[in-house]
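Student: Chains as they are written, first to last, in my numbering: chain A, 10 to 577; chain Y, 10 to 577.
Keep in mind that a hint or two might mislead.
Unchecked claim - Footprint (simulated), chain Y over chain A, 3 or more residues, beta carbon under 8 Å: (1) 185 to 196; (2) 440 to 448; (3) 513 to 524.
To be verified - Listed next, the in silico BS3-like pairs over lysine-lysine satisfying Cα-Cα at most 30 Å (straight line): (4) Lys331/A - Lys505/Y; (5) Lys331/Y - Lys573/A; (6) Lys456/A - Lys233/A; (7) Lys331/Y - Lys322/A; (8) Lys233/A - Lys331/Y; (9) Lys573/A - Lys573/Y; (10) Lys331/A - Lys233/Y.
To be verified - For each label pair, taking beta carbons as the anchor points, the in silico distance ranges come out as: (11) Gly459/A - Ala319/Y: 29 to 37 Å; (12) Val333/Y - Met295/A: 24 to 32 Å; (13) Ala319/Y - Met295/A: 30 to 38 Å; (14) Phe292/A - Gly459/Y: 58 to 66 Å; (15) Gly459/A - Asp471/Y: 49 to 57 Å; (16) Met334/Y - Phe292/A: 18 to 26 Å.
These aren't lab readings, by the way, just hints derived from the structure by calculation.
From the three backbone atoms N, C-alpha and C, an ideal C-beta is built for every residue, glycine too.
There are 2 protein chains.
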Amino acid sequence: MNYTPPLEDIHFILHEVLKAPAQLQALPSFADTDATLMHQVVNEAGKFVAQAVAPLQSVGDTMGCKFVNGAVTTPPGFRDAYQAFWQGGWPALACAPQDGGQGLPAVLEAVLFEMLSGANHGWTMAPGLLHGAYECIRHHGSEALKSRYLEKVATGEWLATMCLTEPHAGSDLGLVRTRALPQADGSYRISGTKIFISGGEHDLTDNIIHLVLARLPDAPPGPKGLSLFLAPKLMPDASRNTIHCERIEEKMGLHGSPTCVMRFDEATGWMIGEPHHGLNAMFVMMNAARLHVGLQGIGLLEAAWQKADAYAKERRQMRAPKQVMSATPDLIGEHPAMRRILATQRAWIESGRVLAYRTAIELDMAKHHPDGARQHAAQQWCSLVTPVLKAAWTAQAFHGSSDCLQVFGGHGYVREGGIEQIVRDSRVSMIYEGTNEIQAIDLLVRKVLGDGGAGMSALLHDLCDGLDLQVAIQASLHAQADSLNQITRDLVHAAKTNPELPFWVADDYLRAVALTLLAWSWVQINAATSSRALSADPARWVEPARAVEYWILPECHMRLHIIKARLM
Amino acid sequence: MNYTPPLEDIHFILHEVLKAPAQLQALPSFADTDATLMHQVVNEAGKFVAQAVAPLQSVGDTMGCKFVNGAVTTPPGFRDAYQAFWQGGWPALACAPQDGGQGLPAVLEAVLFEMLSGANHGWTMAPGLLHGAYECIRHHGSEALKSRYLEKVATGEWLATMCLTEPHAGSDLGLVRTRALPQADGSYRISGTKIFISGGEHDLTDNIIHLVLARLPDAPPGPKGLSLFLAPKLMPDASRNTIHCERIEEKMGLHGSPTCVMRFDEATGWMIGEPHHGLNAMFVMMNAARLHVGLQGIGLLEAAWQKADAYAKERRQMRAPKQVMSATPDLIGEHPAMRRILATQRAWIESGRVLAYRTAIELDMAKHHPDGARQHAAQQWCSLVTPVLKAAWTAQAFHGSSDCLQVFGGHGYVREGGIEQIVRDSRVSMIYEGTNEIQAIDLLVRKVLGDGGAGMSALLHDLCDGLDLQVAIQASLHAQADSLNQITRDLVHAAKTNPELPFWVADDYLRAVALTLLAWSWVQINAATSSRALSADPARWVEPARAVEYWILPECHMRLHIIKARLM
Chain A
10 MNYTPPLEDI
20 HFILHEVLKA
30 PAQLQALPSF
40 ADTDATLMHQ
50 VVNEAGKFVA
60 QAVAPLQSVG
70 DTMGCKFVNG
80 AVTTPPGFRD
90 AYQAFWQGGW
100 PALACAPQDG
110 GQGLPAVLEA
120 VLFEMLSGAN
130 HGWTMAPGLL
140 HGAYECIRHH
150 GSEALKSRYL
160 EKVATGEWLA
170 TMCLTEPHAG
180 SDLGLVRTRA
190 LPQADGSYRI
200 SGTKIFISGG
210 EHDLTDNIIH
220 LVLARLPDAP
230 PGPKGLSLFL
240 APKLMPDASR
250 NTIHCERIEE
260 KMGLHGSPTC
270 VMRFDEATGW
280 MIGEPHHGLN
290 AMFVMMNAAR
300 LHVGLQGIGL
310 LEAAWQKADA
320 YAKERRQMRA
330 PKQVMSATPD
340 LIGEHPAMRR
350 ILATQRAWIE
360 SGRVLAYRTA
370 IELDMAKHHP
380 DGARQHAAQQ
390 WCSLVTPVLK
400 AAWTAQAFHG
410 SSDCLQVFGG
420 HGYVREGGIE
430 QIVRDSRVSM
440 IYEGTNEIQA
450 IDLLVRKVLG
460 DGGAGMSALL
470 HDLCDGLDLQ
480 VAIQASLHAQ
490 ADSLNQITRD
500 LVHAAKTNPE
510 LPFWVADDYL
520 RAVALTLLAW
530 SWVQINAATS
540 SRALSADPAR
550 WVEPARAVEY
560 WILPECHMRL
570 HIIKARLM
Chain Y
10 MNYTPPLEDI
20 HFILHEVLKA
30 PAQLQALPSF
40 ADTDATLMHQ
50 VVNEAGKFVA
60 QAVAPLQSVG
70 DTMGCKFVNG
80 AVTTPPGFRD
90 AYQAFWQGGW
100 PALACAPQDG
110 GQGLPAVLEA
120 VLFEMLSGAN
130 HGWTMAPGLL
140 HGAYECIRHH
150 GSEALKSRYL
160 EKVATGEWLA
170 TMCLTEPHAG
180 SDLGLVRTRA
190 LPQADGSYRI
200 SGTKIFISGG
210 EHDLTDNIIH
220 LVLARLPDAP
230 PGPKGLSLFL
240 APKLMPDASR
250 NTIHCERIEE
260 KMGLHGSPTC
270 VMRFDEATGW
280 MIGEPHHGLN
290 AMFVMMNAAR
300 LHVGLQGIGL
310 LEAAWQKADA
320 YAKERRQMRA
330 PKQVMSATPD
340 LIGEHPAMRR
350 ILATQRAWIE
360 SGRVLAYRTA
370 IELDMAKHHP
380 DGARQHAAQQ
390 WCSLVTPVLK
400 AAWTAQAFHG
410 SSDCLQVFGG
420 HGYVREGGIE
430 QIVRDSRVSM
440 IYEGTNEIQA
450 IDLLVRKVLG
460 DGGAGMSALL
470 HDLCDGLDLQ
480 VAIQASLHAQ
490 ADSLNQITRD
500 LVHAAKTNPE
510 LPFWVADDYL
520 RAVALTLLAW
530 SWVQINAATS
540 SRALSADPAR
550 WVEPARAVEY
560 WILPECHMRL
570 HIIKARLM
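Let's have the full structure, built from the sequences with the hints guiding it.
Tutor: Right, dumping it as structure tokens:
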């Protein structure tokens, strides 16, 4: 068994904790999205994931993608599953009806991608960039481009890529050298080499739409000289564009997704958005893309936990310490060290769901809410929470799945168990869409210090609304938020004379925010669990709630202490 | 470049920090082991490692071991390197001269294996168990067995295995089912299946000596019914024993080492030691074997750091924050987040060396020191420090090499960089020779609570000898040791009424001890660096010393806080 969509938990978080239907129905665009519809869509998505995608997890790793003479073959079954995926309408879930979409809220797409990533991270890379490409073309593309490409990308009939990185330009896109020469017919000739292009070439769809960052001849140096172009694999007349896949990378994991070196050899493309404003056009995609990476983290950790939990319930080794010891070996799931690992992962998973689903809801609030102040608050939430979700939950996916591997002992280190694949696959999520270190700098330096700490202070204030300080975790949340607020003020002040300081402690700051958000999310979960009949197994809700308090939150104090010591 | 033996650092720790030659020359057995000799042996070892073993690191991973019809072929070059290794006398470094050894101190073998592991973890698995097998046969084997096998194992002409684990018996060896039937000629017929046998079959040596845990017909159940047997691949008359390799495992990493499923099919063996006392005979090997795994952690982390450091010194991305910003992108080694990662690993590496080399010296003190009290103190050190070294430094090898991978960004996730291999290879060291959770239980439950905390209290007292509390790190060490002492007392007390409690917090306890030992080792290092001209690059000694104080030690307080909260 690979991965079972955790439908009960997802419904619980959506409906009982976040009351998503009521929130979304308040928006005119989603007046029809009631609880029944959300239930149905999630259940159908779960069915598709379990039947079509989860069974391909192991073959994706062991067979991997093959590269022969510029063509890429994906693992057996990948194309059929993808064809069923787009024909089933799944990529278009949250696209506008006029573009061939279903006009559903972003949170349903978030749930879908969390499940897909848990079931098969490699396969899910293929449609992972579709929605971002759709938004980018929709908001910045010319009418001509939209009429040719928008519906194809919205429906997923054609897949899309983001061609940013070059050999010498990774985190620093300002160093991009790819050139775009304007032609008399309004098109451009694009020349350059792009690396680490997920799905740059494959056999899943007939055409592939590349979004390419390049420089016009008169462009200023640095990031403000980049323009964005759309260049298709197949031209409108069905001839091949001069875009070549030179090789695919051998990687630590994620073998189901071809990571391509792409050479643009005077390839034909058309500009998207304004000259030299290519990064702006791409930023449209960024919060959504980072949220998706955070969702990958949650899905992968859920998959790792499912495997470890199942093993802990069948394997017996040694007697567990108890007041009355057993006569024979106990299940390893009864040993404290294993219970702690399992409960800790559940705490991160459910917390991640609350935060990621809420962020997806806020994305829609920012777009569709009639009230400007509510829109602004939603933007603030997304801006501050997204980098935290991306960095902290991908780190947890890797470290937590490694902890789950530990539950298996030696059996976790061999391929058969399937758990080591998750550790290898998940590692990349700490790197792409901006490394976790870049997320921390984005959070602290760009966003928090950028407005003098006002946005973070408002967020922390909201998180502490209505707390009962008699309840341990609520008191912890209050104390953490309070310290974080003070330290934010101190950092704003200190950064003026010591601009290097925030860069040294950005990771600690992000962790402290993550642990404060985690505490907040468990306050919400505890409120909902107490009023509802859920799985009676204490390992599902009671032990994770305890793990938050006992094993997870103490790190927040440590992180704040580390920052404080540097402020003195 | 794969791995350069860090000779300057090793000499520095051995001679300046630990004053190893003077300490060892005080023992009659090592009266001739002066500084010059130790220098020479380490330099020669470094040369061998760099020339013969390091170049095989990548081929070991990509080609791996092949299994065909019961035979195992190791990667190209592995056999030649091994033959050169044993013929060069390296396995016999610390074996007794009368057994074909060189009678050198254990610490030189420790240095050798640290370097070997850093250069090529997979290859190093082959000779990794030799010394333990040698000690086991030497102390518990009959004269007949010794005359046939001791020298072959001492010199490494024949390699050895430890056959403990069975499909249903991993951490819990009491569940072992393999049977041994006594024969009229004094031998035994051994039947059963063993799994996870490193080097169970291979082409590196002609014969392989298996040490096998099995049960006599009249054995009581559980661990006290296990006896130990020696069963060779080739019988004294050169015929094949009935020991079959059924398959080798596909693993996350360590592809250069064949992990075998071994079937003993009424195989011929001879008992080592007393009936039902097989585990006692194996325990002889345990501290040394666990020290070796700790050394693997140090070697692997050094290898990962070397790669990341080299990359950080050649790759430029973005301008680093400084009072006067550069006009062009800076080396990534100038960015605070990267400097922090690199300095943190160096702090763990050098600390690990101090502790591991000292433990190797104490192993010799425990064996050879004329004074009984000094012997006892040495045994105490080994008993308490070894599980900490094993668990904390293998965890750091995995997590720290993953941090080093992060320095490479996307380039770290592809095979070419070589760093992801270290992450995959190192992961197993957290599992074998007793999982890290088992080490924590061994430390807290068996050793610390076992003597009512007396041994730990004495160790902490010694660590704090002669501290200057005006110096920040020395004050930190004092405070940590003090808290740890108090918490140890509280745990001894609490465990009487709540026997489950120590099992919940054993991991935190081990981390707190590790961080206290790390602080102590850096007090020693700082004392030695201040009196000696070392590499002037601040990243080598100044930034790591700062990393200890700023980024590493704060975890100790968190761990103690976690335990304290459970004691209330």
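Student: What hint numbers does the structure not satisfy?
Tutor: Hints 1, 7 contradicted; others consistent.
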